[in-house]
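Participant: Given next are the chains, with one letter for each unit.
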Amino acid sequence: MGTAPIALQYGFFYFFAGLAILCAILMVCGRNVVHSAIFLIGSLLATAGIYLQLTAEFLFIVQVILYVGGIMVLFVFVIMLVNLDVASRQRQFNKQVWLAVLLTIVLGGELGLMTHVDGSIFNSVNAPQALPANTNEVATALFQTYMLPFEIASIMLLVAMVGAVLMAKRRGA
Amino acid sequence: MPYLLPVFYGIVIVLVLPLLAGYIVLLERKVMADMQARLGPMRVGPHGLLQPIADALKLLIKEGIIPAQADRWIFLAAPLVSVTMALLAYAALPFGPVFQIADLDIGLLFILAISSLGVYGIVLGGWASNSHFSLLGAMRSAAQLVSYETAAGLALVSALLLGGSLSMKSLVEAQDQAGAWFIFFAPCGFFIYLVASIAETNRAPFDLPEAESELVAGYMTEYSGFRWSLYFLAEYANMIVVAGIATTLFLGGWLRPLASFHGHILGTPIEILDIFPVIVFLGIGGYCFWRAPRQPVQIQKLVMVLFGGLFLVLAMVMFGSLFVPAAMPGIHGAFWFIAKVLVYLYAFLWFRFTFPRYRFDQLMKLGWQFLIPLALTNVLGVGVAQVLRQQLGWNAFAAFGLTLLATMGVAAWLITLGDRRDRLAAAAPAGGD
Amino acid sequence: MTDTHIERVPGVSSTVLGADEIILNMGPQHPSTHGVLRVKLKLDGERVVESECIIGYLHRGVEKIAEHRSYQQFAPYVDRMDYVAAVSNGLGYCEAVEKLLGAEAPIRARVVRTILTELQRIASHLVWLGTHALDIGALTPVFYCFREREEILKIFEKYCGARLTTHAFRIGGLQYETYDGFEEEVKRFCVDFEHKIDEYSTLLTENRIWVGRTKGVGILSAEDAIALGVSGPVLRASGVAWDIRKAMPYAAYDLYKFEIPTAPSGDTYDRYIVRMEEMRQSRLICLQAIENIPAGPIMARIGKVLKPPPGEVYHSIEAPKGELGYYIVSDGSTQPYRVRVRPPSFINLQAFDRMARGSLVADVVAIIGTIDIVLGEVDR
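Residue numbers (the numbering used here), protein chains in the order written: chain F, -1 to 171; chain A, 287 to 719; chain B, 4 to 383.
Just so you know, the hints here were simulated from the structure itself, not pulled from any lab data.
Quantities reported herein were computed from a predicted structural model and do not represent experimental measurements.
Take the hints with a grain of salt, since some may be wrong.
Stated by the list, open to error - Going by beta-carbon spacing under 7 angstroms, a handful of chain A positions derived as facing chain F: (1) Val384; (2) Ile387; (3) Asp391; (4) Ile392; (5) Leu395; (6) Ala399; (7) Ser402; (8) Leu403; (9) Trp413; (10) Leu452.
Claimed, not checked - Computed beta-carbon distance windows for the label pairs: (11) F:Phe11 with A:Gln463: 35 to 43 angstroms; (12) B:Glu262 with A:Leu666: 51 to 59 angstroms; (13) F:Val95 with A:Leu666: 53 to 61 angstroms; (14) A:Ile339 with F:Gly9: 37 to 45 angstroms; (15) F:Asp116 with A:Gly350: 38 to 46 angstroms; (16) A:Gly569 with B:Arg63: 57 to 65 angstroms.
What the hints assert, rightly or not - Some residues of chain B that are not near chain A, with every Cβ distance over 12 angstroms (derived): (17) Ile25; (18) His62; (19) Gly64; (20) Leu142; (21) Phe146; (22) Phe149; (23) Asn210; (24) Ala225; (25) Glu262; (26) Pro264.
Quick reminder that beta carbons are idealized off the backbone N, C-alpha and C, glycines included.
Isolated chain F, as found in the complex (with noise of 0.2 angstroms):
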């Protein structure tokens, strides 16, 4: 996005990240849980437009892929799997709130105290105008420079796969 219009850029960000933030909250505040899956989805989605407005568009479709093709897919089978009725019966609001409404303002007190004291920590780093070739170089950190964590973490990945399908296979049978 570098050469398109400054205008454009910050309307683009703004809706990304407003986005982002709104079903952010309607997540957290809605009754019912497909409605909250549904938003969270939004949320990552937004985010990965974020990513792309930073042209790192191999983070983008991999948000896209993983996070919401396949985490939230496994999000979503389990909710729309899973006994309901009980769920949806609970109260869905603690009786912390008052604590949580405190925690906030004081967050935000120490949020505004460091703008007001040096507001430059919220300026942006002059972020690339344009990446290099994302795909090529994530694949060259994986497979050349990060060989043997990328090599363990297949590993480890593996083992959980093959021990959680062994756990389901046990507890079924």
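Put chains A and B on the given structure of chain F with help from the hints.
Facilitator: Chains A and B alone, transformed into the frame defined by chain F:
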């Protein structure tokens, strides 16, 4: 303004696609009828050519029923999600060297991401129907989609290894440079993608969620009228998308067959093989004119003449563009792309009317226990073949032929393994599942 | 539209899936029950634990009507029971009454009856094949099967004026002579038909998906089959070589050479193989019979008013679906005292529970199709 053309293409896609999907449905009905020794739609328009318009009008004016206890917002939103995802995938699909909305660097990943988002349309539709068995059907459909997405993605990776980039445009250009379509280098990958894409679009023989003679209702059951037609549109748009992906990656995209054969007609700058589109359209137009007098009703004669005229105009466009080198690659490229997509879709239709339906557990077994191991082997094989070719200087035939043999051997072994497992399961008394 | 609903097991939440047994009702209106059959399935997850067939939606009181009609007047009613194979019904009834009268139809009538009945067997099996394949998802064989069946129905129409409820035979023989060109048309059909069966076979027999959907599905052992009184192709596919045409020949079957196909395992695939082979054998019988239809009278001398002596008779034939039996009690008057029909579909349907237990829900449709039932016969 750099955004004008993509926006224009986008608008064209959104307007044209419902009509195109409708005509693909008509094509399916005619092909189905042909395979079943009958004629198909013949009344609405000559040879049923106006049938999609009649169907669209009917669906638009039908009453939309919302189940009483359904979650209203999700019920309304679910088909929209499906259609949006189906249409969004066209953003990265290259219909020709010129007709592409956006040549993303990650074009292929973009389309895969959109396909994986399409699952939500199904799951939410099943959930919102407030019916126990709609939900079950939707879950099954979603599980099927997710399982075959893995196999499809792996099959595409084998083409990526040959192409070297995720951008759809550069994949076609890589096939141009390699001199042959990638299907000749990685036929197993094409075959795996063919099967996986049939499962991805819920087509027979993997259409258990949609079948009416099965017990478990599908996610579309509670939808009627316009909302149902949105799901239907999404399904056929998806079919065209997967056909487009297969064409771009394996069948050479917009390249003419034998693209490197540049034999020219005597004395002219026209290549012999480029006359082919002109001949095709002339042939179809001529056929339309020949059949026009034999139509039973006056209005059908008129419509037949109109269609004949349309094809003649297309033939003239094809011919004229031969002399305009700036426009030729675009227009002829679009022709070849669409022709290949239609061939791929014909295979879809052919399978639907030939094969019975898989049962759900057999479907999942096929996806997980046959296709994914085979796809992994295929990726490995193509990678090895690339190394042999590029670093050790082997002949392309030898390297890829070796890979093909190895992959087919693995496939045969997997099939025997599966059969043996099925036989053992049938012999043993059926315990708890 | 599929009519499915769940009876909520009391005390259990409705959104719990698969944890408890649920009862699934495959309603009387369903594309795959081949008529108005209601099946109640008790499911444990995906498996069928118990099943119950609720019939009677097509009960028309045919047997009661018989008590108030004369023997000839009742003959058209029997066509309406197994309406897919009306000619066989007529054959069974006419032969039963002839047995009661102590008469026998002349040889020419018996041979023509055999030809028409075998053609009807092919037609019935074609309907079975088309609809069974359609249920399992193969959309094309049904059209090919009905195309062939059309030829047979044309022959029937030329012979007796009706395609479906033919009333082709009369008590004592035939009413109509065979029309000009009967032999040629039947022969032409039989000669063409061999290629057509090969066509169906190419589509289905070696097809991995078909085999996967039908092998090992709905197994019925030979002991169970005999104990439940199952007959016809279902029995033969379980390995029992019992065919009334060979065991107790009627009409003109003892004149012709044909085989009785059997199969070892008694699953859906074997029943498919048995019926395909039966179609081939029927074709052979027709070809043999057509070569030489004896000349002679077509009607026995039994008089116009039929008053069989008091007594009872049970006569059964090998209908396409199994053993079709007629138990007729006569009290000496012109109307029977009691006509009891032993419908093959009714008895075979009782094996459904045995076949369906332990199978998956998706297989229930295949099992219903493979028994080959006609509700007109089940309910009468």
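Participant: If a hint holds in the structure, say so; if it does not, say that too.
Facilitator: Evaluated hints:
1. Using the Cβ-Cβ criterion of 7 angstroms, the hint placing A:Val384 at the interface with chain F is not satisfied: the shortest such distance is roughly 22 angstroms.
2. This hint is violated: A:Ile387 has a C-beta 16 angstroms from the nearest C-beta of chain F, more than the 7 angstroms allowed.
3. Interface restraint check for A:Asp391: the shortest CB-CB distance to chain F comes to about 6 angstroms, inside 7 angstroms, so the restraint holds.
4. At a threshold of 7 angstroms, the smallest CB-CB gap from A:Ile392 to chain F is about 5 angstroms, leaving the interface hint in force.
5. Nearest Cβ of chain F to the Cβ of A:Leu395: about 5 angstroms, under the 7 angstroms cut. The hint holds.
6. Given hint, A:Ala399 at the interface with chain F, holds; its Cβ is 4 angstroms from that chain's nearest Cβ, closer than 7 angstroms.
7. About 3 angstroms separates the beta-carbon of A:Ser402 from the nearest beta-carbon of chain F, less than 7 angstroms, and the hint is met.
8. A least Cβ separation of about 6 angstroms between A:Leu403 and chain F falls short of the 7 angstroms threshold, and the interface hint therefore holds.
9. Hint status for A:Trp413 relative to chain F: holds, with the closest Cβ pair at about 5 angstroms, below 7 angstroms.
10. Here the hint on A:Leu452 is kept, as its CB sits about 6 angstroms from the closest CB of chain F, short of 7 angstroms.
11. In this structure, F:Phe11 and A:Gln463 meet the distance hint of 35 to 43 angstroms, their C-beta atoms being roughly 39 angstroms apart.
12. Judged by the Cβ atoms, the range 51 to 59 angstroms given for B:Glu262 and A:Leu666 holds: they are separated by roughly 52 angstroms.
13. At about 56 angstroms, the beta-carbon gap between F:Val95 and A:Leu666 stays in the expected band of 53 to 61 angstroms.
14. At roughly 40 angstroms, the beta carbons of A:Ile339 and F:Gly9 sit within the given window of 37 to 45 angstroms.
15. Distance hint for F:Asp116 and A:Gly350: a CB-CB separation of about 58 angstroms, inconsistent with the stated range 38 to 46 angstroms.
16. For the pair A:Gly569 and B:Arg63, the beta carbons lie near 58 angstroms from each other, so the given range of 57 to 65 angstroms is met.
17. Residue-level check failed: B:Ile25 sits 8 angstroms from the nearest beta carbon of chain A, not beyond 12 angstroms.
18. The claim that B:His62 is not at the interface with chain A holds, since no C-beta of that chain comes within 12 angstroms of its own (minimum 25 angstroms).
19. For B:Gly64, the non-interface assignment is confirmed: its Cβ lies about 31 angstroms from the closest Cβ of chain A, beyond the 12 angstroms cut-off.
20. Against chain A, the non-interface label of B:Leu142 is violated: not every CB pair exceeds 12 angstroms, the least being about 5 angstroms.
21. At roughly 4 angstroms from the closest C-beta of chain A, the C-beta of B:Phe146 falls inside 12 angstroms, breaking its exclusion from the interface.
22. For B:Phe149, the non-interface assignment is contradicted: its Cβ lies about 9 angstroms from the closest Cβ of chain A, within the 12 angstroms cut-off.
23. The Cβ of B:Asn210 does not lie farther than 12 angstroms from every Cβ of chain A; its closest approach is about 7 angstroms, which violates its non-interface assignment.
24. Its beta-carbon lying about 17 angstroms from the closest one in chain A, B:Ala225 satisfies the requirement of being farther than 12 angstroms from that chain.
25. Non-interface status of B:Glu262 relative to chain A is upheld: no Cβ of that chain comes within 12 angstroms, the nearest being about 28 angstroms off.
26. Under the 12 angstroms C-beta cut-off, the non-interface status given to B:Pro264 relative to chain A holds; the minimum distance is some 22 angstroms.
Against the hints set out earlier in the document, violations occur for numbers 1, 2, 15, 17, 20, 21, 22, 23.
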